[in-house]
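Asker: Spelled out from the first residue to the last, the chains are:
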Amino acid sequence: MKERILAYLENDARLTPEQLAVMLGITEEEVRAMIAECEKDGTILSYQAVINWDKTGKESVSALIELKTIPQKDRGFDSIAERIANYPEVKSVYLMSGGFDLAITVECRTMRDVAAFVAEKLATIEGVTSTATHFVMQKYKDNGVVFEPDTTDKRGNIW
Amino acid sequence: MFDYNKALSDTIVGIKPSGIRKFFDILSEMKDVVSLTVGQPDFVTPWHIREAGIRSLEEGRTYYTSNNGIIEMREEIARYQERRFGLRYDPKNEIIVTVGGSEAIDIAIRTIVNRGDEVIVPEPCFVCYSPLVSIAGGVPIPICLKKENAFKLTAAELKEAITPKTKALILPFPNNPTGACMRKEDLAAIAEVIKDTNIVVIADEIYSELTYDQPHCSFASIEGMWERTIVVNGFSKAYAMTGWRLGYTLAPQYFTVQMAKIHQFGIMCAPTTSQYAAVEALRNGDGDIEYMKGEYNARRRYVVKRLREIGIDCFMPEGAFYVFPDISRFGMTSEEFCERLLREKGVAIVPGTAFGACGEGFARISYAYSIRQIDKALTLMGEFVQNLK
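Line by line, the protein sequences give chains A and B. When the letters of the first sequence are read in order and numbered with our numbering, they come out as residues 1 to 159. When the letters of the second sequence are read in order and numbered with our numbering, they come out as residues 160 to 548.
Honestly, I wouldn't trust all of these hints.
In silico lysine-lysine, DSSO-like type, Cα no more than 27 Å apart, as pairs [as the list claims (entries may be wrong)]: (1) A:K91 to A:K141; (2) B:K354 to B:K326; (3) A:K154 to A:K58; (4) A:K141 to B:K535; (5) A:K154 to A:K121; (6) A:K154 to B:K354; (7) A:K121 to A:K58; (8) A:K154 to B:K452; (9) B:K318 to B:K306; (10) B:K464 to A:K2; (11) B:K324 to B:K175; (12) B:K504 to A:K154; (13) A:K154 to B:K181; (14) B:K464 to B:K452; (15) B:K535 to A:K55; (16) A:K2 to A:K40; (17) B:K464 to B:K181; (18) A:K40 to A:K68; (19) A:K139 to A:K121; (20) B:K190 to B:K420; (21) B:K190 to A:K55; (22) B:K504 to B:K181; (23) A:K68 to A:K139; (24) A:K91 to A:K55; (25) A:K154 to A:K141; (26) B:K305 to B:K175; (27) A:K154 to B:K190; (28) A:K2 to B:K305; (29) B:K420 to B:K251; (30) B:K420 to B:K452.
It is worth saying that the hints were derived from the structure and are not from the lab.
Sequences are here, hints too, so could you generate the full structure?
Answerer: Dropping the structure here:
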């Protein structure tokens, strides 16, 4: 049941405990308790909106950056990953299998800002041996959400 | 001067068009309507099933299949029916793959009806049975199902409708539009009434995968009923495959051989691409069914709760994806209610009378829509009924 609540919330965080209770056939108190528990133990980390900034006037550039690093004794990749995660420009940090170690996504106002961030901040971190920056040209889907969805109901009106 | 009156079949001309055409004419002209009218899933066919159809095209499978459908598919249907509902049919001689459940219903009716035979049709129900009985030369005999019986067919109602001319009974459960289901004990009571007669049962079980309180019970699984039952089923509702046009009949060889003639001469075979897609659905689609059913169930609870909150009496449906609220207390006919709701609030639901005269006082709401859309429509509907008080 907890997983079903989480699945609904992941898809639409604005569903109320009252709505979820009806949809799942349990009491509102049970829903509230499960959500509270998940918030407390860190299963639910945050409730956010997925925003298409292109619809606003705001300038924004995203990039995927591959990093090769030298893992540290005892702490492996943790301390370097945590350090990178501290920058507000950094939206995600993943440790990867394969040809490089960390994959990070960053969001800045301009390409120049991204370049500066990589050159001045990322590349200078001790243990970072190389970076490869890929700029995002167009977002089609993010966080499971399609950016320009075709919402017309294509079903024939067969009743 | 060419005379169309002489050109046309009296039987076909005599078929009445739907009485609520006016309502749908208004609907089709309006823009930005929040609609809860559509009688088909809002899910797209799961990708692995679509891909199997595409692959069959890539492999050049563009020919007719055998009349009754590719044998792999009939074998898979037999396995599926046994696995899900405990039914046993011989893929070679007792299964015909049809163009949707609709063709299956048509060939079943035409195979058994002689001129003047009566066919009992419990209403409210899907719109096709009575016209198809009439086209076959039979006489549809409606039974008006009642809300107080949760829209189930009772033994007493059936007994009353049976005459020496009764040839067949249509059993459309889980039901469109009411969402009613017949449980094993309900079906056993019906079996008891007909067991000493020669009445054939056409069990339209197209919604058999969409039951929420307990698994579907097929009429053919009731003791002694297999021999007289033609089961109609298909892929549209269970796998969200309405556009693929694929259904089937399950029936003893005596029926199947005869039905196959109509199918063979009138249709040839069901669409080839669809058949290959359906094989994949039957082999690997049980998880898709569970997922979609879970979603419908959440919406079912939600729509009923919201209706009751806004003061509309509604029986909790056990199957399909419709609710059938009682709107009689607002002092309007179903059609007036739905027309005003549409004009004043831009919300479309289907008048109960679309599904037979005894649907008067009710309306059908489809919950094959997102929770957001259901929410929006019911909020507007709440405002509408608030103003009526």
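Asker: Determine for every hint whether it applies to the structure shown.
Answerer: Each hint, compared with the structure:
no.	hint	result
1	A:K91 to A:K141	holds, 16 Å
2	B:K354 to B:K326	holds, 13 Å
3	A:K154 to A:K58	violated, 33 Å
4	A:K141 to B:K535	holds, 25 Å
5	A:K154 to A:K121	violated, 49 Å
6	A:K154 to B:K354	violated, 46 Å
7	A:K121 to A:K58	holds, 24 Å
8	A:K154 to B:K452	holds, 21 Å
9	B:K318 to B:K306	holds, 19 Å
10	B:K464 to A:K2	holds, 22 Å
11	B:K324 to B:K175	holds, 23 Å
12	B:K504 to A:K154	holds, 22 Å
13	A:K154 to B:K181	holds, 23 Å
14	B:K464 to B:K452	holds, 18 Å
15	B:K535 to A:K55	holds, 25 Å
16	A:K2 to A:K40	holds, 14 Å
17	B:K464 to B:K181	violated, 30 Å
18	A:K40 to A:K68	violated, 35 Å
19	A:K139 to A:K121	holds, 25 Å
20	B:K190 to B:K420	violated, 45 Å
21	B:K190 to A:K55	holds, 25 Å
22	B:K504 to B:K181	holds, 18 Å
23	A:K68 to A:K139	holds, 26 Å
24	A:K91 to A:K55	holds, 20 Å
25	A:K154 to A:K141	holds, 21 Å
26	B:K305 to B:K175	holds, 24 Å
27	A:K154 to B:K190	holds, 15 Å
28	A:K2 to B:K305	violated, 39 Å
29	B:K420 to B:K251	holds, 15 Å
30	B:K420 to B:K452	violated, 36 Å
Violated hints for the displayed structure, listed by number in ascending order: 3, 5, 6, 17, 18, 20, 28, 30.
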